[in-house]
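Engineer: Residue numbers (my numbering), protein chains in the order written: chain G, 24 to 104; chain U, 743 to 858; chain R, 6 to 523; chain F, 1124 to 1620; chain V, 7 to 507.
Treat the hints as calculated values from the structure; they're not laboratory data. In this text, a Cβ means the ideal position worked out from N, Cα and C, and glycines have one as well. You may find that some hints are simply not true.
Restricting the straight-line Cα-Cα distance to at most 27 Å, the calculated cross-link-like pairs of lysine-lysine (DSSO-like) are [to be verified]: (1) V/Lys446 <-> R/Lys174; (2) V/Lys462 <-> V/Lys365; (3) U/Lys769 <-> U/Lys855; (4) V/Lys446 <-> V/Lys365; (5) U/Lys855 <-> G/Lys103; (6) U/Lys769 <-> G/Lys103.
One side only, chain R facing chain V, incomplete, derived with CB under 10 Å [said to hold, decoys possible]: (7) Gly11; (8) Val14; (9) Met77; (10) Gln114; (11) Pro115.
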Amino acid sequence: MSDVFDAVMLSLLIATAVSVARARDLLAAVVIFSLYSLTMTLVWQHRGAPDVAMTEAAVGAGVTTVLFLITIARTTRREKP
Amino acid sequence: MLLFGLDLDYVLVVVLFCVGLYMLVSKSNLLKKLLGLNVMETAVFAFIVTSGMIEGGDPPILVAGTAAPYASPIPQAMVLTGIVVAVSVTAVALALIVQIHAHFGTIEVDELKELP
Amino acid sequence: MSPSVGVVVSWWPGIAVALPLVGVAVSAATGWSERRRASVLAGLTFGSLLVALGLIREVLAGRMPEVHLLHMTAQLWMVLRVDAAGALYGATVAALGLLALTYAFGYVQPGPRRARFFAFFMACLACTLGVAYAGNLLTFLVFYEAFSVLTYALVVHEQTPAAIAAGTKYIAYILVGGSLVLAGVLLTFFLAGDLAFVGGGFLPVDAPRGQLLTAFWCFVVGFGVKAALVPLHGWVPDAHPAAPAPFSAVLSGVMVAAGAFGIMRVVFDVVGVGLFTSLGVAPWLTAIAAVTILVGALLALGQEDLKRRLAYSTISQMGYLTLAVSLAGSGVMAGGLVHLVHHAFMKGTLFFCAGLWIHVTGARRLGELRGVGARMPLTTAAFTLAALGMIGVPPLSGFVSKWWLGVGMLEIGAGAALAVLLAGALLAAAYLLPVVYAAYFAPTRPGAATGAGAASRAGGATPTGDPASRGAREAPWTMLGPTLAAAALTLAFGLGSHLRGFPLQLAERAVLAWFGGG
Amino acid sequence: MNAGWAEALPWTIVLPMVGAVLTPAVAARRPRLAGTWAWGVLLVASALASGLVYQLATTGPFSYDVGGWAQPYGIELRFDHFSAWVLPLLLLFVVIVPFSWRYLDHVMPDERRPAFYALLLLNAGGMIGFCVTGDFFNLFVFTEVVSLSSYALVAVGGRGLAAFAALKYLFIGAVSSLLMLFATAQLFALTGSLNMADVAGRLADVGGGPAVMVAFAAYAVSFMVKTAMFPVHVWLPDAHAIAPSPVSAVLSGMVVKIGIIGMLRVYQVFFAADVLELGAFNQTLVWFGAISIVMGAFFAIFQDDIKLMLAYSTISNIGYIVLGLGLASPYAVIGASVHVFNHALIKATLFLAAGAIIHQTGLRTLSDLRGIARRMPQTSAAMAVGAVSIVGLPPTAGFVCKWYIALGAFESGQAPFGFALVFGALFIFIYYVRMLNAFYFQEPVHDVVIEANEAPWSMRAPVIVLATLCLVLGVLGGIPLSFVEPAVLELLPFWGN
Amino acid sequence: MDVVDARPILAPFVSFLCAGLVFAVGRSIFWRRFFTFLAAFIKMGLVLSMLPGTLRGVVYVYDFVEFTPGIGIAFRADAYGMFFALVSSTLWLFTTIYAIGYMQGDRDRVRFFGFFALCVSTTVGVAFAENLLTFFLFYETLTICTYPLVVHAETPEALRAGRIYLTYTLIGGGFALVGAVMVNAVAGTLTLSQPGILSGDLGTPTLAIIFTCLTIGFGVKAGIMPLHGWLPIAMVAPTPVSALLHAVAVVKVGAFGVTRVIYNVFGVELLGVLGFTVPLAFLAAFTIVASSTIALTQDHLKRRLAYSTISQLSYIVLGAALLTPLAATAAIIHVANQAFAKITMFFVVGAIARTTGKKHVSEIDGIAARMPISMAAFTIAALSFVGVPLTAGFITKWYLALGALEADAWWFVLVLIVSALLNAGYFFPIVHRAYFRPAKEPWPTLEEGRRFETAKTLLFPIVICAAYVLLLGVTAEVPGMPFSIAQVAVESFFAGGGVVP
């Protein structure tokens, strides 16, 4: 059970990370990154580090994403090819 | 969980780290670079959490009745600090990116480099 | 030195050297009239001559005046010390110097270069006197180098391209020679630790032969340049014609002889007769001397320019001195030393005459001299007298020296050398008599004596046309006087050679010191 | 009595930090007050640091346990001979801050001054903490404090290029920090401790192995990036050149030294544990050091901008230090350690002098600044002293280091590196000669230069003081040595491979 | 006998202080001159006051400060150092007088005189250096202080010359530094107070590297071929600087360094065993001949003098390399002899350039008529270089040749002779032109009311220095004259061994 969960989660992490890298739309990239952070939170929770997981959820996925979004708003949304 | 004799967690960390590094190094967009940096950071955090984990241990929260072994609290404290630092760095970087965009109208390194 | 000679401290040698040096300052002094300057210079030189004669007296009285000039370092010091040979040579220098100086007053034209001429002339004179009275090798070297370098100014006096070329050649030869002498001095010091002249020499007999030989040949080649030993003579025929006549006389008479004098000093006062003989270098030196005599004379034959001819003659005559040294016999050496003196006055006379001819008629070349005897009888007579002396006609001084040379050679059985001596005399006749013949007897050619440079060179006297046709016109007495005086000395030394105080007696003294009475 | 000064240890860190926090409040009404405030704080901190150094000199290294927790669980602050670096560091700050008072006039509006000085104080506090901390995790934390404030300081001038340079610096700096964090975690995973002394003991039990090697290597790479060695120097020139001159002085003189001090700290632990065969590593350092010297100089030659030139010269000088460390012989390490300080002094002199010139003329290229020495003789003279000093010509501060590193090279039997050092230094001098030639021996081409005036006293005095020190410490080179020597000799028995 | 005394440090310090004062108040001509002369006199006084002691064998020492642990900046006025200091402080005075006249109305005189004083300060520092480190400190400082003087004119050529000068000397300095460091590494000390501090059992390769480094390092300034390239080019400097460069400070410091290395670092005995000096001697001999030959072809007066300097300096090196007492005497004494003669020449050449604007050999025909006193001085100096007795140069050549013979190296005597001829070959044409060639155009006559051929301040040093050349030649033996000091020095170098003349 645990192994299956792990395998799914880890696959998801890699998939999201690669998606962040590939996304041309910066907004999309930031959103996917937020998803990535949340996935990571789950992994850590599962690994027995709940406090870390909560911090990551709040800061990594929350604050960082907000900051990125503000920045995108003030700069540009598109990555030039 | 072991994969081909390697702890899967470490494989993950390395893969994520590499993805982040790839973004940092080869993306031209500053925001993408910064995202890459963040990915790298999480990878390192993941490593620390993993390495600090003792198989079968409980979270290091003192609850009556539970007994050792705990997962060591120190790596988690490190990660917490690390996360804060990472956010600070990200914030500073984003501020700088905003400034750059305000000044040059672009956040693409390729274009910035061509500026005089 | 022979035991009977006592060293006395005396300032006179120093004064003899210093007087002409004062003359240097006098020459440079501005605001003096020419006459005043001339008389002061003459007076100084005359004073020098008197001192030189006084020194001869001292030497004959068995004393050896000595004065220390400088102590540069504990080993390097300069001293003047008058022995018989030095006194003899010194007096010759002073006397010929006085004659040439007097002659020069008339010869050297007024102008900015005149003062320079006299200044350098006096300086040369002083240094040559220093050479004569030098008491050790260093002193000798210092004065020798000094007058060698100073001479340059006199050689290039005319400042014509030819003169400058001659000067360059001269200085190049002389500096090479001087350096070799220095090397010799150095080696001597290294081997002996001392430099003071001592009759019989002071080089250690047991020193390595190679080093001794090196030192010896350094000296001989070094001085040989000055003494015009063939093949080191290259500068002589160029320098003499280029220099003004009075200086040519001094150059030929006493300065070239300084080289020969140096060789004498080295052989007898540094190396010593014994070592000289045992080194085995004598035959080589003899050979060189013989070659010099013959080659010099033969080359003289071919010279059209009178002063060049005389210059080659000097080369040849210097060979006699070297020959005498190389034979290392007391008799022949006395002859050689006396020849040094006699030759000085004879050659002085010849150059004076040549100068007069140039001065009055502008004639430099043999062909231009035709008939000059009629126009300038006194001059030509003086020339004839000196020429005969050179050939060795009795009773002139040249005969005396050659006689002693010949007798000395016979004493030591050097027949071949005698043959060379005779051949030299014959050749001297061959190259000097044609001049006499041309002056007296050759048919005149119109315009022959109006040489191109005559007008400019002659200054006051204006040569015109054919010398014979215009009657006798001798040069002024300031020039004619010294010429005749020198010629007279040639005669006097021949006639009075045996008298006390005359060269021969001094030469015998010197030889006594060198050969230790043997 | 001893306890007296040891007590001051945490305050020395806290004071600048608190000062930083309070700066905006203090200077709320009058922004220009911020500078004076910062200076005051630093003066007090220096006084405290002097006490610490005094303590060190009398009793030797001492520790302070934060919160009274015993080792190895509590946070330990430890003041040893390498920590003594905080005193000169603070003193340099004390000199640099007055310079910045007037300098900032043309860099930023008054209302941004509190932020600037807050960052500066933060930076100082971070470096002090870095030097005196006794555990690895705090080493990381303080590194981050220093780094973050440095990124911001680079950009504080506010123009776009500055932001770009700062961002470049940030990206690379952040990666190196990550590596450091990784190494710290690895070390913890291996030993279960973070206290340096404790880790050293436990490492010995753990023994060697690839894991230890990985930790060490991560530290090494991280610090090499921080210290801007060739070829990971790319962030440095732009950042240092674009930052305001006082900041450049701080960055080039002191912040890059974080890497060196950190390296020494790591060495202390790993060598004490004696678990790694570091011959090959040292050899690598030596080579990279030598290459840095040459490449730094090489790049500097082609710069026209004086501050860029100075920045590249920092790379060269870092090369010296790394070379000295790698040589691993007593003299070389002593020389390298002294150069940590001496280079800071010299570079501060140069950057401040350059800053004064830029401030007075608004020009920053050699070709524009020709003939400036006639109008600004004192500043130019200081620049000249700095130039001579950084090349290591006697009798200046730079020479002492060069002497010792070269001596070390011969001592350790690696004579060619001694040669490389000495002649690499001459290579550096080529471009300083260009600079001096332009300043002193060429006709002015720019009107601004012809009419330039000497900088105000608040800028000139620091420059002159620093230049004088460059000379004085050349002659009295023994003073810094006396601090470094015991530490190095203590370190070395484990070191020499 | 060592006596602690502050004078060895005061002597360089006086000039140093003077430099500071000149920089500070130099805008006023009066104060500039006042301080310069005051310092020059005080310094001469200081050095002279040590002279009697030195002749008695007293060595004044003063440890200034511990520079780095174990090695201090220390001063030690031994005989050789005294010798050098005496020469340089004397010439400083004269060069200063000359420079005042020469630089009249020139630009940046404050800088000029300030650095001038600094140069002298460092030179005396070199002279009195107790150890190789102190030596090197001053040696390199000198390099730097000379630079502003070289580029003084600030023309592109001057800047180029300065660059070349620096390149050469700094690379040399690098070698010297490496050498010094190696000495420290292997010997553990750097003192120059012993006749040799290295021991033979270090192995020949190490010693060879050290020797090579130090010789190259100091040889650059001493102009040993092929390290001489900077010297002729640096001739663009103002004449007082050329004089200072070529006669006193820079080049001599190099030669001084080489001798120090030979006598005090390696020591005669060790080098005698190792034989390193043999190639050095040959190199010096080659330099003597080659640079003289080059000098023959130079038309520019100062360049000709420069090549002559290169040749002359190698006399010192050669003398030192021969490792015999007599040769050492020659080497030391030549430091003074060459200095005075060459400075005379440079002064004259400078005076000619200032008075008439002529700088080439081919332009000075007949100048003796216009400048008789100067040309007479030049002639004296030329004679000295040729080695005519009664001049200073003779003493050198004499002892050098004896030394060569003593060392059983007669071919160097040959070199000396050839060199003397070459010297004559390039100096006498100058003399000849000056005296015996008619002037191409009339020389400008003296201005109304001027009694001398050129400025008094130019003429006075010329005359004094020329007189000194003669004085050195004839009174070398007098106690207090350089020769006597040289003997004391040589005795210390050959402690126990060898016969001192």
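Engineer: The structure should be examined with respect to each hint, and the outcome stated for every one.
Structural biologist: Hint check:
no., hint, verdict
1, V/Lys446 <-> R/Lys174, "24 Å, holds"
2, V/Lys462 <-> V/Lys365, "20 Å, holds"
3, U/Lys769 <-> U/Lys855, "14 Å, holds"
4, V/Lys446 <-> V/Lys365, "15 Å, holds"
5, U/Lys855 <-> G/Lys103, "15 Å, holds"
6, U/Lys769 <-> G/Lys103, "10 Å, holds"
7, Gly11, "28 Å, violated"
8, Val14, "20 Å, violated"
9, Met77, "5 Å, holds"
10, Gln114, "15 Å, violated"
11, Pro115, "16 Å, violated"
In this structure, the hints that do not hold are numbers 7, 8, 10, 11, in rising order.
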